[in-house]
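K.L.:
Chain by chain, the residues run as shown.
4 protein chains.
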Amino acid sequence: MNKITILIHCKDQSGIIASVTNFIALNGGNIIYIDQHVDREQNIFFMRLESEFFTESFSTKNFKSSFKENLVEKFGMKWRIYSSELKPKMALFISKYDHCLYDLLGRYNSGELNLEIPFIISNHTDLKPIADSFKIPFYHIPVTKATKDEAENKQLELLEKHQIDFIVLARYMQIVSSKLINKYTNKIINIHHSFLPAFVGAKPYHSAYKRGVKIIGATSHYVTEELDAGPIIEQDVTRVTHTHAIKDLIAKGRDLEKIVLANAVKLHANRKVMVFNNKTIIFS
Amino acid sequence: MNKITILIHCKDQSGIIASVTNFIALNGGNIIYIDQHVDREQNIFFMRLESEFFTESFSTKNFKSSFKENLVEKFGMKWRIYSSELKPKMALFISKYDHCLYDLLGRYNSGELNLEIPFIISNHTDLKPIADSFKIPFYHIPVTKATKDEAENKQLELLEKHQIDFIVLARYMQIVSSKLINKYTNKIINIHHSFLPAFVGAKPYHSAYKRGVKIIGATSHYVTEELDAGPIIEQDVTRVTHTHAIKDLIAKGRDLEKIVLANAVKLHANRKVMVFNNKTIIFS
Amino acid sequence: MNKITILIHCKDQSGIIASVTNFIALNGGNIIYIDQHVDREQNIFFMRLESEFFTESFSTKNFKSSFKENLVEKFGMKWRIYSSELKPKMALFISKYDHCLYDLLGRYNSGELNLEIPFIISNHTDLKPIADSFKIPFYHIPVTKATKDEAENKQLELLEKHQIDFIVLARYMQIVSSKLINKYTNKIINIHHSFLPAFVGAKPYHSAYKRGVKIIGATSHYVTEELDAGPIIEQDVTRVTHTHAIKDLIAKGRDLEKIVLANAVKLHANRKVMVFNNKTIIFS
Amino acid sequence: MNKITILIHCKDQSGIIASVTNFIALNGGNIIYIDQHVDREQNIFFMRLESEFFTESFSTKNFKSSFKENLVEKFGMKWRIYSSELKPKMALFISKYDHCLYDLLGRYNSGELNLEIPFIISNHTDLKPIADSFKIPFYHIPVTKATKDEAENKQLELLEKHQIDFIVLARYMQIVSSKLINKYTNKIINIHHSFLPAFVGAKPYHSAYKRGVKIIGATSHYVTEELDAGPIIEQDVTRVTHTHAIKDLIAKGRDLEKIVLANAVKLHANRKVMVFNNKTIIFS
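These protein sequence lines map, in sequence, to chains A, B, C and D.
All residue numbers for the first sequence refer to my numbering, where the first residue is -15 and numbers rise by one.
All residue numbers for the second sequence refer to my numbering, where the first residue is -15 and numbers rise by one.
All residue numbers for the third sequence refer to my numbering, where the first residue is -15 and numbers rise by one.
All residue numbers for the fourth sequence refer to my numbering, where the first residue is -15 and numbers rise by one.
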């Protein structure tokens, strides 16, 4: 049995759903999931489908080219088709905070994450023992003003060598440059420790404390050139009171960051996220 | 323009989605919403579709009979098709608590609810002034052990005369009998003041206080013969602490009850709920 | 029996709690509630006490002057003492949105709010029928650029005549001027339809939609000269998805606004809020 | 500087707060935290105090005996006094699930938990590598029907030898017997994977799925002889829909279990929990 996931978007127009579902039926597929969304402001149609094919002769490659020929041009679609056989490859970038790292590796180890982690990159060596204890290759690539360019080239080399599909910044404390962002557009996931767009930038818990908010949050988003302004994948919040000092906000925030980042990683790895107009469509 | 909503369920099998979407395309319809669900344990397929038809000759009646002929028998479907022209008619049953009543009538008055409220029935007269101030006919039908049967006949007469589609028990403090339940299966919505299945029956806030829970809830469900055991439509919860006395739980609970009941009413009125195996499928 | 509530703050120093509790014991009082907070950054001590006095000779006035003489000067306290006999008087300012109005008046009518509402002021007449149905005097004071000053004088006259303690802006769509703010510092409660500090100013739901947030919120705060920047009393949030259009955010937001504003009103009316350094201490 | 935490409860009566705060002042202490609660149904007074003493001559032992002499007998208090120098010792009991273990040890390693973990006990060897990677002694004590008594004696021996203060069952899949419960009353913390009192006993996620709830939860409570009926320390919930299969509930539930158990552990270790009448008072 082959299982594929199809993600498409195009100008909204009559007959897309019927054409696509019909095409899958003609190819012997059984649709096991379909969901669609129309952005009525922009008049854009989005769809996510999962389909199973039981014929032995099925080939994902042939299906893709036939799909392209018969549907993509007709409707002017942007499209992606994934075979469920291939697990996405995720690179982890970290610095000195360990809570998101422990959380993601714990889940990875338990088989909760449908992905592979070929390696971890860090600009510090502090967390190497954790990577070691999970038996994941760890590369120390220090970053200073002078070496930033060189460091990024080393990163890119590793990413390409391992055919990495997406990058997760698990509290990586460096600004990622345009070179990386352009190569991995909507494929670099960051966790920011505030409910964006409140408290953009550094030290959001300090700002939240100063403003006296009663709720703090965390936001996972794709990295774009503008700081903390990329498409939001997932957010969560928790209540705080006047009794919480900054260190308490930081401690409570860690729990949010872990859960929010893990959820964003799962959504991305399961191909449930589409991006349009700096916003995400999250299929269930 | 005509807009219809289709709800179907049947044994899961190949080709349902393609057949239905194709049928709509052939009839000149444009699908604006499609969502489906498969209960893998029971092997049942569920789908909700909204479609627009722009041809002048379109008739819902003809579409229904053609749908039945071409699809219903082929796939063994249970089906419902609604025209968006017809707003569902809702009867409100109340007793002495006014918070859900104020909330629902406030929303109704603001145009938030896509339904009509032909009348309100109460076994007490306390809340008549509220009904009056919203200019909704109010029928006082007292219920005692001796008159229960007679009272229910009066209720049924009113429900039938006004062609009521569904009934909302807005903290109605009487057990509804089988006669009504059988006639309005999955069409009587109750609000229970606990997170079911915890604290079934009377005085759930007292039980919650006694048990020392840190979270209380409210549950809206369809009424079935077994008390508080019907299909759950919506639930919500809020935190409580040891400082909350029973009266505080009741006050906090009122806010939950209002919101949860209103959400359930909206889901039902917008035909977003399907029931199977004593559980609900809630389409977005 | 007399019951009083004491709120104090002063520089943190040794012996405050012992001195105050001892003073109350010497005056024959029984403390039924005590909570304190120390702002360690600013080194300020805050305390809230409730005490009962059973002696017939007890006089709040005498207690106050003795409290002042024995404790206020010694510790350099800012202080407020309330007798539970006097319910605070709240003025409601509204415009055209009715959801917070219905909600507050519904609660008022049910006896849930420990306050009096001597009148409602609006710059429009649309909601007069609601005020009438709840039998609360309604004053129409239109506001235009030309008449703003005159309108505010009329408002002040009414506020003073009725000895209003605090003002609630229940989606009142006018900027309140310095004259009113200075006279009622930390006594004007506003509801803003976003999780501040995100989306300050007009049309926050439109901004939230554009940014693609996954959570929207509402914030109740005291009005200060800087727009939407006053001390936050209460906040709440709810989840949204890409499927929610702006009108859906507005509808979901209404439920937040009602609950958040009502909670802020209750906290203020029950003298559970202290303000310092543009932040609130909220006692339980 | 010495810092102590005092927890007391007794029949509610006049003058307790003044007497205790006065006693501390007389002993040269500065109260930095005070909170109290009165159970009005049972007429019981509860208080938690933190106090700092700067005199060199201060001795916790002398303070305790003086406290006992002057206050305990007078008011009929139950009392506990802790010096902040002594970190509580926690024993971890585990079986095969690793998510709570990873979470607690990650926090422990980061210094988030104010406690010591002298050892881990498991009835299986599966998770030994995790204990090893965190360098915590691991004892494998298998439990079968035949060896249950003997196993428990080994456990007790280890607990006593290491002067363990409290036990955490981090998804330990064995029923703890009366012998242990009586020795560690209100000192054994369990995590149950439902919002108690709903779904007591085995397989709560399966029951939640079957009932079709829209919210699932987790509950941390002290272990008592009656299964899942002990005093609740902390609860949390998350939303689910009809799209979630049992395995999805289990995965979402794991995140709840981790956070809820960690919060309960922190509350207990920081001496913020009092138990009375099978309920908890949780001080902030």
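Keep in mind the hints are simulated off the structure, nothing from the lab.
It cannot be assumed that every hint is accurate.
Which copy is meant is left open, so a pair is good if it fits within one copy or across any two.
Stated by the list, open to error - The list that follows gives simulated cross-link-like pairs (lysine-lysine, DSSO-like), each with its CA atoms no further than 27 Å apart:
| no. | residue 1 | residue 2 |
| --- | --- | --- |
| 1 | 52 | 129 |
| 2 | 236 | 250 |
| 3 | 263 | 187 |
| 4 | 263 | 194 |
| 5 | 231 | -13 |
| 6 | 119 | 80 |
The model shown is predicted, which means the values in this text are computed figures rather than measured ones.
K.L.:
Please go over all the hints and tell whether each is borne out by the structure.
P.N.:
Hints and how they fare:
no.: 1; hint: 52 <-> 129; result: neither (46 Å within a copy, 61 Å between copies)
no.: 2; hint: 236 <-> 250; result: both (22 Å within a copy, 12 Å between copies)
no.: 3; hint: 263 <-> 187; result: both (25 Å within a copy, 19 Å between copies)
no.: 4; hint: 263 <-> 194; result: between (29 Å within a copy, 8 Å between copies)
no.: 5; hint: 231 <-> -13; result: between (47 Å within a copy, 20 Å between copies)
no.: 6; hint: 119 <-> 80; result: both (18 Å within a copy, 20 Å between copies)
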